[in-house]
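Put together the whole structure using the sequences plus the hints.
Residue numbers (the working numbering), protein chains in the order written: chain A, 1 to 320; chain B, 1 to 339; chain C, 1 to 339; chain D, 1 to 537.
Calculated directly from the structure, the hints in this document are not laboratory data. The structure displayed is predicted, hence computed values, not measured ones. All C-beta atoms, glycine included, are put in the ideal place defined by N, C-alpha and C. Among the clues, some could well be false.
Here are the computed distance ranges between Cβ atoms for each label pair [unchecked claim]:
| id | chain 1 | residue 1 | chain 2 | residue 2 | range |
| --- | --- | --- | --- | --- | --- |
| 1 | B | Gly265 | C | Gly308 | 28 to 34 angstroms |
| 2 | C | His309 | B | Phe134 | 42 to 48 angstroms |
| 3 | D | Gly407 | C | Trp190 | 50 to 56 angstroms |
| 4 | B | Trp190 | C | Met139 | 37 to 43 angstroms |
| 5 | A | Asp310 | C | Gly112 | 54 to 60 angstroms |
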Amino acid sequence: GRGGSKSGSGDKKIGIDFPRSDSDFWNSYAKYVNADVKSGSINALPPTNSNNQTDVLVSNVSTLTGQGAKVILIAPQDTGAIASTLENLASKHIPVISVDTRPDKGQVYMVVRADNQAYGTKACQFLGGKLKGTGTVVEFEGDLTSINGRDRSQAFGDCMSKNYPNIKVEAEPTNWEGDVAASKLQDALNAGTINGIYMQAGGVFLAPTLALLQQKHLLVPPTDPKHITIISNDGIPAEFQAIKAGQIDATISQPADLYAKYGLFYAQAAAEGKTFSPGPTDHGSTIIKIPNGLEDQLPAPLVTAANVDDPSLWANQLGK
Amino acid sequence: MSDAASAPPADPAARSRRISTRWLREFSLLPAMALLILIGFIESPNFLTSDNFLAMLQQSTELSVLVLAEALILISGRMDLSLESTVTLAPVIALWLVLPTSGNRFNGLGFGVEWLAIPICLLVGAAIGAVNGFLILKMNLNGFVVTLGMLTMLHGLVIVIDGGQTIFTLPPSFAYIGNAEWGGLPASVWVCGVLFAVGIAALGWYRHGRSLYAIGGNPGAARAAGIRVERTVWIVLIIGSMLAAFAGMLYTGRLGSASASQGTGKIFEVFAATVIGGVSMNGGRGSLFGALTGVLTLKLIENVLTFGHVSAQDIEFFNGVVILVALIVSRYTSGAAQD
Amino acid sequence: MSDAASAPPADPAARSRRISTRWLREFSLLPAMALLILIGFIESPNFLTSDNFLAMLQQSTELSVLVLAEALILISGRMDLSLESTVTLAPVIALWLVLPTSGNRFNGLGFGVEWLAIPICLLVGAAIGAVNGFLILKMNLNGFVVTLGMLTMLHGLVIVIDGGQTIFTLPPSFAYIGNAEWGGLPASVWVCGVLFAVGIAALGWYRHGRSLYAIGGNPGAARAAGIRVERTVWIVLIIGSMLAAFAGMLYTGRLGSASASQGTGKIFEVFAATVIGGVSMNGGRGSLFGALTGVLTLKLIENVLTFGHVSAQDIEFFNGVVILVALIVSRYTSGAAQD
Amino acid sequence: MTTQDLGAAGATGRPVGGVATAIAVSKSFGATRALIDVDISVAPGEAHALVGRNGAGKSTLVSLLTGLARPDGGQILFDGHDAPPLSDRAAWQSRVACVYQKSTIIPTLSVAENLFLNRQSDGLRRISWRALRARAADLLAEYEIDVDPSAAASTLAVDQRQVLEIARALSFGAKFIILDEPTAQLDGAKIAGLFDRLRRLQDSGVAFLFISHHLAEVYEVCQTVTVYRDARHILTAPVAGLDKDALIEAMTGEDRSERAEFAVAEYTPKAEAKPALEIRDLSLAGVYEDFSVTVGEGEIVGLAGAGGSGVVALGETVAGLHRPSGGSVTVAGRKVRTGSVPDALRAGLGFVPEDRHAQGVVPMRPIAENITLTAMDRLARHGFFTGDSLRRAGSALMERLDVKAEGPDQPVGALSGGNQQKVVMGRALANSPKALVLIRPTAGVDVKSKESLLGTVRQAADDGCGALLVSDEVDDLRIAHRVVVMFKGAVVAEFPSGWSDAELIAAVEGLSGTGTDDPLIAEREQQNIANERPGHE
Ligand SMILES: Nc1ncnc2c1ncn2[C@@H]1O[C@H](COP(=O)(O)OP(=O)(O)OP(=O)(O)O)[C@@H](O)[C@H]1O
Ligand SMILES: Nc1ncnc2c1ncn2[C@@H]1O[C@H](COP(=O)(O)OP(=O)(O)OP(=O)(O)O)[C@@H](O)[C@H]1O
Ligand SMILES: [Mg+2]
Ligand SMILES: [Mg+2]
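So this is what it looks like as structure tokens:
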């Protein structure tokens, strides 16, 4: 397990790359990772940052291995473009742990992620239930070039058309930009009544949405018939506050802490030469076999007013 | 080919035609806008509603203010890419200095009472413009790449300051300016209108405003005519950056938050709108009113596309097509080659 | 002094100093590069290794090819932002046409045998350059905004074609060019070296190559001297886009995949490297060798920063600072005001 | 203070008084010393000429006297008081007005605004466009400039712009006015009008500093002349006591006897000579109609015409810059595809364009490259040449044309106007042309360089090249074997060698010639005629 002695991994250094530094979620992730690295329990090289650019990721990985990294922990936002890097690392027998995304091709030691398709499905089921199968829902899609965004969109759309054919979904591409979402929502509100909103990233869309609804006097408690049911995605503290204030109804907690914790856990394990096999784990998740390795599917709990104070949620642990 | 000397003596009809097109040029996008409105009207009953038009106006305010800034700078014969980052950085620094040291997720330095946020924000803008001016005018560095470097650096600075988080706590002044309504119109629309009116008046009827055209058209001649070229350009860069900071304030207020990822890539839209609106990238030519029609045209097209339910996959393609088509329309309705 | 015959004999030292600085200009970044290598050497024992330098070279190839393209275009007095999207679009179209209609996650049209991928890719590049040339030269549209519109449109087109997914089934020819090694050096490094050598030779000693300087420096004079200005510029735009398509091929081959998100924002880096390398944004001035040193300098700085363990949060800030500092260094070592 | 005193002061010591005085000023641009310890003093009400070869430092002095640049050393005084600080532009403008050598018209602005640039209104007051247009219309009427005040300045012809600049400078009401080559773009009638006005202003006490390469103009309007050579002051003397040869000697530092003389020569075609350039029925719609001329090998044909006569457009058409609406051009027996510069070049045509800034030189590129620009075809083997072949060819041409420069690698932009023009001429000769088209090849060029440029043309002709020399300058046309005169797009006269200046000028102005031989008298007569016809363009 975790916290294996430093000598266990010997001088096998872990190379870490962060995917981007301009989003709440990834900053939280980076904080968790850095905390563990600083605590000395992990023998890691100073982390690099690829700023959401694949070629920077590729050159960072090569620099990290150049500096002697024997295990690589990355979060490739473009799951295809990393393929040849993975092959290259495999040829050097350097195990790779991929956080958040499952590379399309190339050997990985372990993928640590919550299932993005499950996010979309959960959001669909929540909204479908609340709206009792009818109404109009606006979906703020991320970027079509992002695998996570695509997975969420697809799962949400499939689930809606299958289970709630009477709910009209207005899927709005936003490129993960808050002002685009706000404009689209404003247009949609002008065009007719909106009953529900699914925002694929709370960090980006929450504030603009709330500001606009406030201005339109639509930010009313769930008891009011004008209330728009909103489900968000990420699980950052601002969303929790909004849930408590009755402004939004739910969010899906994407476990930044678990990403960091188990990313490092498997990195450590790889350094120590451990192996894993498919099946349930000791931390409430399941490891499944994927074509190019294994994947630990972490739970992504749905957070509503009922469980928003649960101390085990990562957003509630911040600042502790 | 410069064959002015030997060109056939201009016949008077041609000459007066030329003069009248010079005036028409400012209005050259109006027919296109009318056409777009017609298309939108056919598309959806919800298009031609005051709600929709108000929404369009409100959504255009920040871009309009940026276009105002860039138009002033382009008319003076310069360009500034870093406006995009100023939009984000200025409010973030203001929040950072003003927000209390504890109690929020993002803790500021608690330096001042909250009403200071707006002046600080504008001051940060002014400082950025001053630095750009120093690098371009005093150190003689290439303006495109200087402001490109600043674009990256200032965006990086936002991340250094806020750690990449979104700041959700705003001082009331920001929230007010972004959301208030005055007489049924959003406050930001009023302010934006006033800024344009001031700009148009200054560039149309005041000596110092007119000097921007002289500077952009021929800086040597402007200098000989007694215009303080460097100083004026510097002031324009500072005003431009202050306008960008102001746009950032509107943005932050409207969206209820500030973050590094807000507005990335906007600068391209700013240039597109400005040039489509008839402002020359080589300086000395164009009008602020024209630039404003440029913004509104792009916004109209975007709105028409939204009402037309263009698929998510195709939207970016259409955005590009839109820029090219608007450019061609503006080229042919104004009748002048672009440079 | 111009009237040398009757002038007081000019101080010969001063004269040779002046002449030599003109030559030195091409090498003005070399001291900075040496300094960077020294810093890297002090920083880490892993810096001054052939592995690290080979990696740097290989990672610079695509940017270098793009810089070569943009330098040619800038020297001819034009600019092209759309190269960034050509990098992505050209390989994607080639793959789309060539890949079989079934059996992969991304299914192509199966139009041709797989070796056609490379020619098709280059052809797509040529077509994009031709369209840019048509819009800029024949329709007299503003080059900055035309290529900006194309940048958006072509990027949108990639998404239309591949639905935003990553394509990672590559024909062997792409994979080969991206990964092969010839004599211990990556093939892409060789090819890139050859392209630069050809470019330097053409601009130095080839008739049509030399004419780019005249065209960029004073198109009117070039026309009066019998140079076919429009045709040459059009060809340069086409060659530039073909080089971008080629860079896209290298990129795709090296990363083993093609996707819309590859290379976004690269165009700014391209401009920064080119201008830092001494190429004027106003045309007629600069050398390809200088441009190459510009790329390598930026890459060296990036590498030194990585080895220096700049924190992830600060990296973008430093990237901006780097552009500004490199710009200042290049300004003062070359001794010429930038424009 | 009299001009005689000034002359003495200039020769012996430092001048002390006058509306404008420069004492021992120096100015360098990098390694170039543009002015070394020079003096000048302009007395009240005096017209003071400043002459010197290209690059002598005249325009540099102008920039110092108008506060655009700061002298490296020395002192500038106005009415005996120190010059205001450089930042106080208004103070400078109240002391001195200037027509700069480089155009200061802003093409994107209207004529009216150009006239009142930066003084459209007082201080922070709102501009009244109507009042401004009215003021502009008055000013334009006063100067008999027939343009609409609200037209964009870009629509004006070069000469109209020049008159606009002059009108603007004179309208400031300054007591001291500098004119840096104001006549370079003007034709006879306009020059006459200008001189008339200068004399009237002078009578009201205004002093002038007048710079020109046309020494006849100096004699006509100035009382005192100062000569600079190679950045130094050479002499200041009353014009009346100085003959033209002595003046030229002061400018060039050479004995008058060394100067080339262009004896008017008869053209005697060799028996087997073919025509070098044949123009048949060439027309450009709305500009000129059915122009035909044959230039024999070794023959120089002058083509004279005032502004707007179409001669420049004709020359440019022959060179391929315009596609004519009809007619043909044949160079040494080979028919040229009209409207194509490269084809004309291949057929063996050399071309000196009118505007050396816009069409002549690539300023930031080396001389060798500029001068061989048309000959890269010939210097290259299979399209390639060595850097050395270029420099060698460049050096040879520089030597042939007597280009004064540091060397073939110096950027052309750093040369003086005359030397730049030599480079343009060199470019025309680089391809060993069989025929030449030269448009105003000596515009803005000093006496000495003019002679050397014309000498080059004569030399090329002697070597068998035919030349069509488009010019309105009598001095240029003197080397021609015959002169064809065009007026408003049609040939109105042809003079064999031995023409008198007066009859030529009369034809150029669209009048029949009169009988006097003195060019100055003839010119003045012309002026009077022109002045009686205010609408004349
Ligand atoms: N801005 C400048 N930078 C560098 N050198 C300059 C500059 N301006 C003038 N010079 C140089 O100074 C010298 C004097 O130039 P100036 O323009 O005063 O000559 P001029 O007498 O006016 O010549 P012309 O008769 O051709 O107008 C020339 O050698 C010129 O090359
Ligand atoms: N940047 C510069 N570097 C070097 N010399 C310069 C520069 N700018 C101007 N000069 C010099 O200043 C002088 C005046 O310039 P300009 O080109 O206006 O004169 P010119 O060639 O005589 O023009 P014109 O044809 O109008 O008489 C020239 O001698 C020119 O070489
Ligand atoms: Mg001069
Ligand atoms: Mg001159």
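Structure-based check of each hint:
1. The hinted range of 28 to 34 angstroms is satisfied by glycine 265 of chain B and glycine 308 of chain C, whose Cβ atoms lie roughly 29 angstroms apart.
2. Between histidine 309 of chain C and phenylalanine 134 of chain B the beta carbons are some 31 angstroms apart, a value that contradicts the proposed interval 42 to 48 angstroms.
3. Distance hint for glycine 407 of chain D and tryptophan 190 of chain C: a CB-CB separation of about 38 angstroms, inconsistent with the stated range 50 to 56 angstroms.
4. A C-beta distance of roughly 39 angstroms is found between tryptophan 190 of chain B and methionine 139 of chain C, which places it inside the suggested range of 37 to 43 angstroms.
5. At about 58 angstroms, the beta-carbon gap between aspartate 310 of chain A and glycine 112 of chain C stays in the expected band of 54 to 60 angstroms.
Checked against the numbered hints listed earlier, the structure breaks hints 2 and 3; every other hint is satisfied.
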